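*Asks:* Below are the chains, spelled out letter by letter.
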Amino acid sequence: MIGTYRRKLLVASAVLATGSLALTAIPAQAFSVRNEIGVTSTSIKLGITLPMTGAASPGYNKIPGAMKAYFDYVNASGGVNGRKISLVVKDDAYTPTASVQATNELILKDKVFAVVGALGTANNKAVAALVNPGRRGIPDLFVNTGFSGFAVKKSYPTTFSLFPSYVMEAKILSMYIKDKFPGKKLALLYQADDFGRDALAGFKTGGLTFDTYIPYAPLSQATPTVPPTWISKLQAAGSEVVVLFGVSSATAAALGAAYAKSYRPQWILGSVGGDATAIKLAGVPAPLFTGVQTASFLPAPADATDEYVKLFQTINTKYNPGVTFDNNILAGMNTAFVTVQAIAAAGKNLTRKALIAAIETKGSTFASAGLTPMAPTATSHAGYNGYWFGTYDGTATLKPNDGVYTVYTTDSGAGAVVKSTYKRPAMPANGLPTN
Amino acid sequence: MHKLLHSNFGRFVFFIFLGFIIFLAGNRVDELRVYQGATLAMFVVAISSIILLTGYSGQVSLGHGALLAIGGYSAVLARNYWTLPIWVCFAIAVLVAAAAGAVLGTAAARLSGPYLAGTTLALAVGLPSIANQFSFLGGEQGLLFDVGAPPISLGADFSPYKWYFWIAASAALIALWWLQNIVRSRYGRTWRAVRGNEIAAQLAGIHSGKAKTLAFTVSSGVAGLAGALLAMTIGTVSPSAFPLTLSFSLLTGAVLSGVTTLPGVMIGAVTLVATPEISHAISNRLGNSEAVTTNLPGLLVSALLILVVMLVPNGPVEQMRSMRVRKNASISR
Amino acid sequence: MFTFIDTVIIGLTSGAVYSLMAISLVLVWRSTRVINFAQAGQALLSTYIGYSFIGLFDSYWIALFFAIVLGAGVSALIEILFMRTLFKRNTGPIAGVAPIIATLGLLGLIHGLIGIFMGGKEAIIRPPVSNVGYTISGHTLALSPLKLVIVSAVLFLMISLSFIFTKTNIGLALRASAYSPEIARLAGVKVDAIRTLGWALAGAAGAAAGMLQTPNGTGALSPDSLEFSLLLVLGFIAAVIGGLESLVGAVIGGLLLGLVLAFVIMYVSATLPFMTAFLLLLGVLLVRPQGIMGRKVGRRA
Amino acid sequence: MTLIVSDLCVDHGAIRAVDHVSMKIEQGQLAAVIGANGAGKTTLLRALSGLTPTTSGTASWQGHNLLHAKPEKLVRFGVSHVSEGKSVIPELSVEENLNLGALWRRNASEAKETRQRIFETFPRLEERSTQLADTLSGGERQMLAIGRALMAKPQLLLLDEPSLGLAPLVIAQIFQSIRDLTTRMGLTVVLVEQNAMSALEIADVGIVLNLGRVAATNSAQSLIADPQVRAAYLGY
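Protein chains in written order, with our numbering: chain D, 39 to 473; chain R, 801 to 1133; chain U, 152 to 452; chain B, 493 to 728.
Hints are supplied without guarantee of correctness; some may be wrong.
To be verified - Straight-line alpha carbon distances no greater than 25 angstroms define the calculated SDA-like cross-link-like pairs of lysine to any residue that follow:
(1) K386(D) <-> S402(D)
(2) K341(U) <-> H556(B)
(3) K318(U) <-> P582(B)
(4) K645(B) <-> D343(U)
(5) K1010(R) <-> L433(U)
(6) K149(D) <-> N1084(R)
(7) K147(D) <-> K1010(R)
(8) K437(D) <-> V456(D)
(9) K318(U) <-> S601(B)
(10) K147(D) <-> A1074(R)
(11) K83(D) <-> L146(D)
(12) K341(U) <-> W596(B)
(13) K272(U) <-> P323(D)
(14) K149(D) <-> A1091(R)
(15) K149(D) <-> V1092(R)
(16) K239(U) <-> P582(B)
(17) K83(D) <-> E1077(R)
(18) K272(U) <-> P359(D)
(19) K239(U) <-> L559(B)
(20) K239(U) <-> P1116(R)
(21) K318(U) <-> A603(B)
(22) K239(U) <-> R992(R)
(23) K192(D) <-> P960(R)
No lab work stands behind these hints, which were simulated from the structure alone.
Treat the numbers as computed from the prediction; the structure is a model and nothing was measured.
Whenever a hint applies, use it, and build me the whole structure from the sequences.
*Replies:* Structure below.
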């Protein structure tokens, strides 16, 4: 009796399996997809994957809202060539597994035209390896990571970087520190993974050695034991300048622990961990920021004299109500801006191929809020290539040193660090890119 | 037919038949479903390994994700360093994970319920961080895993997803067939005896420590296979591919399937694959608030887990079966 | 020298937080023979409750009181609604693992609900007393008034709970219900109510842990506050090191874990905390499976 | 003040363990329930103290319905149950095991007095009062279990196989104590025993169970004299 029953169960399982696979009775598709997927005469569908939940999400989870706000602004003015842009957001909680699944859904289920602003080095690598937007010819625009490899067209044919690489950042920091803090005792506190190691390589190229190196495991800053030990070590070593290459929650933990031990070195934060909103959200009171320095490639979010910042602030108030304007909003809107610029440059007959070609040929002349030029070419998909340095005041507002943006540029190789002479092109009328 | 299933040959024929149906189905659906099918097959293998451990030998593991990680990394390292054929890599994943399971199982056999649960929990948290200690493990970014293109003989239009699906489904069928055989063997009976009453089993001459260690070893080997399949379906291995939540969802899948019944394994696997879609549909109706969209899948799975444990603790399959047995018994009286 | 003193202080003060979590796990274990993995979620929920009371009364201490009382209430409710049913349906092969699995489900449920209702909202708990360390001959120690409060809270809890458990009738009823519910019942103990009380005490201890640790860290509270899941794992390891049975053991286990972690991180490598904790756990289990304070007693099933 | 059981049935799944059992035990009597292994003796006793749900029938003590009350409630009605196999908690000390039985009694000095009287009956328990129950011998554990039940000041004592696993000499000693206690404290006792002879020797009445049914009920003396009972249960 039970045996019959078991057989029925097995059959039921098989039916269930078959059924679940055949939920959509669409016949098998040919692998080559037609280029106009995700585009109609009136619409363009884009997708993004990033951490909306989990330990890495604070700050970053404001990016899609900012991008949508800018797209809404463009749509309200008629869209790009009559097409309105929509953005599908997928949470990956910063795990590559989820990124792959989410990207698959974006491409196969939501059928997006392109992926824009996907976040995370490991995440983008996994997506590139498996979903392989490159082979499918799907544009993977302006990834949200500083891994230098994504700029290499041979490895990632449809992926475009936007941010300067971590190597560039470390090289520029090396120059800056040697110049401004000669003879001081230096320490480097860094996340012991590829992110931190990329930076180590950059500091080596930049010729800067630290007196003290403190690596730590990613996310371990949340254990009560870890952050105080950093500070004890730094104090014991008598470090006067501490460079921190980690995420914002690590910056928060370090600043908090230093405060508790009355330790006040010159802090210099890497651009990733220098996001004041995220750090404040992590519990560090604004006055602790006084004198902390960081590097950035976009204008300071509080700089209302900047035409882009001013426009983005207005858009944020109107289309993203209730959300404080900060680094992440600025970065998100800028990514959306560059995307619109690229779509406009691809022309009326919008195809994936045309879009990629447009960025490769016209990318270096794109308008954007960035204070350094973008550097895409037919062989390299690099984005911005430089940084300026700023200091936080007692209200956690970042201001450029000496009141002016002094931008330094370099490359991810052995190239020198030079003071940039780049003049940012004027913002297109009403912040609506055309050509 | 059911007599057929009780013989080894019969089960073999049945699984071949099942495989045939599945492969036919694989040709009929689009790429997304095929990809989900591969994930489904991975879950089937992973959940089976937990059912074997918890349902058949009474041990709880909250850290099976760590064993999946061992399998995944083994397969990837074998592939990347020695460029071995893919099936050899999978075999290596099974063997390495089983070896790790044997070591762990020896320790586990000395531990009772809560200690074992906690130790495996700590393992799931602790083990992936090893990857950050050794550069050959690829750190936080992990290592790429390329199982290679499908054979030319399958045609130019044969997509990699379908290839993954074929591999995963075959692996799942082989694993299930083998597990069905093993739980009906002497070992299976020994494990059930130990689970039922450890002292009585010992009195009956069963070395309960050995039996538990063996169960842990076999379960770990199967988990290793699941890890290799997971690495294949996401194309990489990295510490973040094996988070604590993976271990928890596998356990959830096992409970939904009914921890004591291998045939129910499909229920758990389908639930795990379908939950994100269902929750997406629900959150669409609720107006797509970001907080709801991102938290709903976890919430649904947890609620389902609690409901099952409260209402049908031995799983839906076992519940139906025992209802049937009771009904038959009352008739016979 | 100062580094050494710092390490000891860091170890003991962070260990005190692990001890708090271990105490709440031990309390549930002692009253119902269940490891409550939902404890981290409950602590997070209680801390959110405390946070909203800070908004209402503008006083950390009043909020702490409410967090503890309501945390105990939530915990008692969970026992009544979920655990009681599970114990009654104590049949079948899953009986041994069902409570553990149910607590995991509860963890996910609480976490998901907090995520939906509190996700993305800024929540910060400022320390009620200074968290700047005391200064001795120009050197600021890692010991601050806040850390002293935490350490005293742990010692107070340990001593008062130990007293309750060993010297009072309630404590006797708690222990008897855990060891043998049937005999306790036959002796006239209202086992259901006593178990609920055990859970309530644990909920209170967990709430205290959450309310004290949050300002001790960065003060930020989010549904993903990693501290809570980490606390669970480290708290559990501390409880097991101590033997799961003993409150004194839980505190010793927590302090030991804190010290070992601090010394390894300070003098060996800051990348090893989780492996260290895991190896310590494994070592204790292999050498002394019953824990430091545990005793071997013939246990019926 | 009588224990009245009528038409009681208990099912274990498809098996009927107790089948229409009726009996009446007067106050102050020691009743021995005897029968072969599996006759339903323990099930009957567990049903009386609310540990096992019943299918049909009634049971009352002093007008209280026994069947739908929780065990912890029954203690408050004066019903104490000592379950099979030395029911003590090994992790607690001897004194704690005893105190457990009187926890629900508000009057601490009265409980202390009861404890003193139990120590007089079982002096071994006083000698070992601070030791863990785990360290006691089988006989001492049985004494402790009975002592714990007495701490509740019961009027009806339900004893399940107190002789299980004990040496003959110890059995004799325990049974003598049970007889003494019954007489001295005016207890009503239901003693379930496999060791039929020893039980009947101290009992006032005897009830023989067979396959869940009452096979015979009579005064203990008559049962011992009954050749049929002798052949079936007393072994000679």
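*Asks:* Work down the list of hints and note, for each, if the structure agrees.
*Replies:* Results for each hint:
1. Note on K386(D) and S402(D): the hinted pairing holds, with a Cα-Cα distance of about 21 angstroms set against a maximum of 25 angstroms.
2. Pair hint K341(U) plus H556(B) holds up; C-alpha atoms about 19 angstroms apart against a cutoff of 25 angstroms.
3. Between K318(U) and P582(B) the CA atoms are separated by roughly 18 angstroms; this keeps the pair inside 25 angstroms, and the hint holds.
4. In summary, the hint linking K645(B) to D343(U) is supported, as the alpha carbons are separated by about 23 angstroms, within the 25 angstroms threshold.
5. Restraint check: the Cα-Cα separation between K1010(R) and L433(U) comes to about 20 angstroms, which is no more than 25 angstroms; the hinted pair holds.
6. With a C-alpha separation of about 18 angstroms, the suggested pairing of K149(D) with N1084(R) holds against the 25 angstroms cut-off.
7. Distance restraint check for K147(D) and K1010(R): the Cα-Cα separation of roughly 49 angstroms exceeds the 25 angstroms cut-off, and the hinted pair is therefore not satisfied.
8. A hinted pair counts as satisfied when its Cα atoms are at most 25 angstroms apart, and K437(D) with V456(D) qualifies at roughly 21 angstroms.
9. Taken as a hint, the K318(U) and S601(B) pair is honoured in the structure, with Cα atoms around 17 angstroms apart against an allowance of 25 angstroms.
10. Simply put, K147(D) and A1074(R) have alpha-carbon atoms about 14 angstroms apart, close enough for the 25 angstroms limit, and the pair holds.
11. Restraint check: the Cα-Cα separation between K83(D) and L146(D) comes to about 13 angstroms, which is no more than 25 angstroms; the hinted pair holds.
12. With a CA separation close to 9 angstroms, the supplied pair K341(U) and W596(B) stays within the 25 angstroms bound.
13. As the CA atoms of K272(U) and P323(D) are separated by approximately 17 angstroms, the hinted pair is consistent with the 25 angstroms bound.
14. In summary, the hint linking K149(D) to A1091(R) is supported, as the alpha carbons are separated by about 24 angstroms, within the 25 angstroms threshold.
15. Annotation: proposed proximity of K149(D) to V1092(R) holds, straight-line Cα distance about 23 angstroms (limit 25 angstroms).
16. Distance check on the hinted pair: K239(U) and P582(B) sit about 24 angstroms apart at the alpha-carbon level, within 25 angstroms; holds.
17. For the proposed pair K83(D) and E1077(R), the alpha carbon gap of about 20 angstroms is at most 25 angstroms, so the pair holds.
18. Proposed proximity of K272(U) and P359(D) is supported: the alpha carbons are some 15 angstroms apart, at most 25 angstroms.
19. Annotation: proposed proximity of K239(U) to L559(B) holds, straight-line Cα distance about 18 angstroms (limit 25 angstroms).
20. Restraint check for K239(U) and P1116(R): satisfied, since their Cα atoms lie roughly 19 angstroms apart, inside the 25 angstroms limit.
21. Among the hinted pairs, K318(U) with A603(B) is consistent with the structure: their alpha-carbon atoms are about 16 angstroms apart, no more than 25 angstroms.
22. At roughly 23 angstroms between alpha-carbon atoms, K239(U) and R992(R) fall within 25 angstroms of each other, so this suggested pair holds.
23. Between K192(D) and P960(R), the direct Cα distance comes to roughly 21 angstroms. Compliance with the 25 angstroms bound is thereby established for this hinted pair.
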